[in-house]
Amino acid sequence: MTALALETKSLCKTFGALAVASDINFKLERGARHALIGPNGAGKTSFVNLVTGVLAPTSGQILLGGEDITSLTRAQRVKRGLVRTFQISALFKKLTVLENVTLAIAEREGVANDLLRPAGHHRALIEEAYDLLVPLGLATEALRPVTELAYGRQRMIEIAMALALKPKVLLLDEPAAGVPPIETGAIIDTIEKLPADIAVLFIEHDMELVFRVAQRITVLVQGAVLVEGPPAQIADDPKVREVYLGESKH
Amino acid sequence: MTDSVSPGSPVDRKAVIDAFARRHRFKWYEALPWVLAAGCYFIFDGYHALGAQIFATILFALSLDLLIGFAGIVTLGHAAFFGVGAYAAGIMAANGWQEPLSQLVVAAAAASVVGFASGMIVLRTAGLTLLMQTLVVAALLQELANKWSSVTGGSDGLLGMKIDPIFGVFRFDLFGHTAYVYCLLVLFIGWLIARNIVYSPFGRSLTGIRENTNRMHAIGAPVDQRKIVIYTISAALAGLSGALIAQTTALVGLNTLALSKSGELIIMLVIGGVGQLYGAFIGVPLYMIAQDRFSQIDPIFWYFWIGLFMIFVVVFARGGVLGVCGRFLDRWRSR
Ligand SMILES: Nc1ncnc2c1ncn2[C@@H]1O[C@H](COP(=O)(O)OP(=O)(O)OP(=O)(O)O)[C@@H](O)[C@H]1O
Ligand SMILES: [Mg+2]
Numbered sequence: 001m002t003a004l005a006l007e008t009k010s011l012c013k014t015f016g017a018l019a020v021a022s023d024i025n026f027k028l029e030r031g032a033r034h035a036l037i038g039p040n041g042a043g044k045t046s047f048v049n050l051v052t053g054v055l056a057p058t059s060g061q062i063l064l065g066g067e068d069i070t071s072l073t074r075a076q077r078v079k080r081g082l083v084r085t086f087q088i089s090a091l092f093k094k095l096t097v098l099e100n101v102t103l104a105i106a107e108r109e110g111v112a113n114d115l116l117r118p119a120g121h122h123r124a125l126i127e128e129a130y131d132l133l134v135p136l137g138l139a140t141e142a143l144r145p146v147t148e149l150a151y152g153r154q155r156m157i158e159i160a161m162a163l164a165l166k167p168k169v170l171l172l173d174e175p176a177a178g179v180p181p182i183e184t185g186a187i188i189d190t191i192e193k194l195p196a197d198i199a200v201l202f203i204e205h206d207m208e209l210v211f212r213v214a215q216r217i218t219v220l221v222q223g224a225v226l227v228e229g230p231p232a233q234i235a236d237d238p239k240v241r242e243v244y245l246g247e248s249k250h
Numbered sequence: 001m002t003d004s005v006s007p008g009s010p011v012d013r014k015a016v017i018d019a020f021a022r023r024h025r026f027k028w029y030e031a032l033p034w035v036l037a038a039g040c041y042f043i044f045d046g047y048h049a050l051g052a053q054i055f056a057t058i059l060f061a062l063s064l065d066l067l068i069g070f071a072g073i074v075t076l077g078h079a080a081f082f083g084v085g086a087y088a089a090g091i092m093a094a095n096g097w098q099e100p101l102s103q104l105v106v107a108a109a110a111a112s113v114v115g116f117a118s119g120m121i122v123l124r125t126a127g128l129t130l131l132m133q134t135l136v137v138a139a140l141l142q143e144l145a146n147k148w149s150s151v152t153g154g155s156d157g158l159l160g161m162k163i164d165p166i167f168g169v170f171r172f173d174l175f176g177h178t179a180y181v182y183c184l185l186v187l188f189i190g191w192l193i194a195r196n197i198v199y200s201p202f203g204r205s206l207t208g209i210r211e212n213t214n215r216m217h218a219i220g221a222p223v224d225q226r227k228i229v230i231y232t233i234s235a236a237l238a239g240l241s242g243a244l245i246a247q248t249t250a251l252v253g254l255n256t257l258a259l260s261k262s263g264e265l266i267i268m269l270v271i272g273g274v275g276q277l278y279g280a281f282i283g284v285p286l287y288m289i290a291q292d293r294f295s296q297i298d299p300i301f302w303y304f305w306i307g308l309f310m311i312f313v314v315v316f317a318r319g320g321v322l323g324v325c326g327r328f329l330d331r332w333r334s335r
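So the protein lines, in turn, are chains U and F. The opening residue of the first sequence carries number 1 in my numbering; numbering runs sequentially from there. The opening residue of the second sequence carries number 1 in my numbering; numbering runs sequentially from there.
For the record, the hints were derived by calculation from the structure and aren't laboratory data. There's no promise every hint is true.
Stated by the list, open to error - Restricting the straight-line Cα-Cα distance to at most 25 Å, the calculated cross-link-like pairs of lysine-lysine (PhoX-like) are:
1) U:K9 to U:K193
2) U:K94 to F:K14
3) U:K166 to F:K27
4) F:K27 to U:K94
5) U:K168 to U:K9
Hey, can you work out the whole structure from these sequences and the hints?
What follows is the structure in structure tokens.
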């Protein structure tokens, strides 16, 4: 049980002349609450894309629980417990809230390859999906199409779908992005209450949230790790103040 | 939902889950096409041959709906599988194998093999590239059929097809009585298969792929594999349709593989409504009956009006006839 939840070794990615990831050595402890911050365009989302297999790295390695997953497909990584959310909500908009979550659970359980029985016969999955919605305050809207919900609620579904996959490592890409201030409370709440055994890496521009939740912070600038450490150290770091905290808060 | 019911209360929970879990149950209106089709057998004497063509084409359009409407795989080459099925049945019939049901099986198998093989190549792409590649597959097959005239009859078409009576009893008659019932029954089976797929977890995951492919990847779905499976099944159904047309008209020509065949099919499906399972049942009869009436008067006139009608459907009637009816019903209910 000594292996890290997630680790990258000399991870590099270039788009032509642009280096979105240069030599990133990143470590995520088991059960960690780890924030990834950095100015716009620093390469935070690209890092998530690399780790989850949306992008193939130019060089370097990705280890999940000690296992090299660099050449695995996206689906294979999810099956091993590596789950992400999207900065811009990526949901099945025309489908109901309940169905969004049920689809995720069906994939987790390997039921989605069944083309003989009606989906409604897999009742346990639907019940599990519904029960997942209750604590997130989404149960009353279970049968409404996602597109009818306020954006803040959609962000909650984004988290619900990730949790439905029973992740070991959860990557949250700006979970509160685009949400009006009155609605962020519920999202912050949810993040604080995430099961302790999940290792969480979250990208966030809201410093208040970062310092409230994170035990460690990594600062990314122009695709490279500027500094990494506990919140107090990051807050005092002159380099960080210069390139990041000095800028206007998001 | 009333305010007196607290969110997540047991009563509510059961009601919501029940409503969701029962979506696949048969609704009364789903019997309409079959009742109508059975009734038309007795009413429209002299139109049985046309009826048989319509049923076979509905099956063709239904198979396309599985791809476009449910999986979001837009193709311009679906006639490839129709043609392969038609030629498979036709070549057998012209070379001494005259039993119709085994011809259907071989046609479906042949089409699914072609669907699987071409799907492995073309489904890696999406959008315009996919459109072009599916088109190319059909064009290649058409050229193959054209060149290989010793077997296919080339541009003259396949001649001399002979089909045995079904079960050795029901002879294909000149009036199309047998063909009518035969095509209707095969369509019914095809519809059962399609409907079953659509409501299965596999079918729902296809809808997920259509709605948001990235999200499907993110929840761990083997997206490419799912697409290939539905592409293969759809090809098999299209092959069945082609075989039906071949058997009931005793004619197979290069036009079964033509781009115009694929295009016309899309038009019929769009008129009826894409992705709603019953669009094919509305669009195909509308189109084919109108074509039967108008094309006798003036074929150019006919294509002009169908063109105009298509523009109308695309601009004003999104979702086709079914889409318009659905919106009308919604408005009426919410009064
Ligand atoms: N597919 C791509 N091709 C070329 N450049 C890309 C690609 N994806 C991202 N980039 C570039 O990489 C850089 C990093 O983008 P990324 O989205 O990772 O930043 P970010 O840190 O998430 O920013 P934000 O805070 O705005 O979300 C940007 O300059 C972006 O334009
Ligand atoms: Mg980003």
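TODO: Below or equal to 25 Å on CA atoms is what counts here, so check K94 of chain U against K14 of chain F.
DONE: Judged against 25 Å, a Cα distance of about 23 Å means the pair holds.
Task: Restraint status (C-alpha distance of K168 of chain U to K9 of chain U at most 25 Å) - done: holds, 20 Å
Task: Distance restraint between K166 of chain U and K27 of chain F, which requires alpha-carbon spacing of 25 Å or less - done: violated, 36 Å
Task: Proposed proximity, K193 of chain U with K9 of chain U (alpha carbon, max 25 Å) - done: violated, 30 Å
Open item on the list: Need the status of pair K27 of chain F, K94 of chain U: alpha-carbon distance at most 25 Å?
Closed with: Since the Cα atoms of K27 of chain F and K94 of chain U sit roughly 22 Å apart, the hinted pair holds (cutoff 25 Å).
Against the hints set out earlier in the document, violations occur for numbers 1 and 3.
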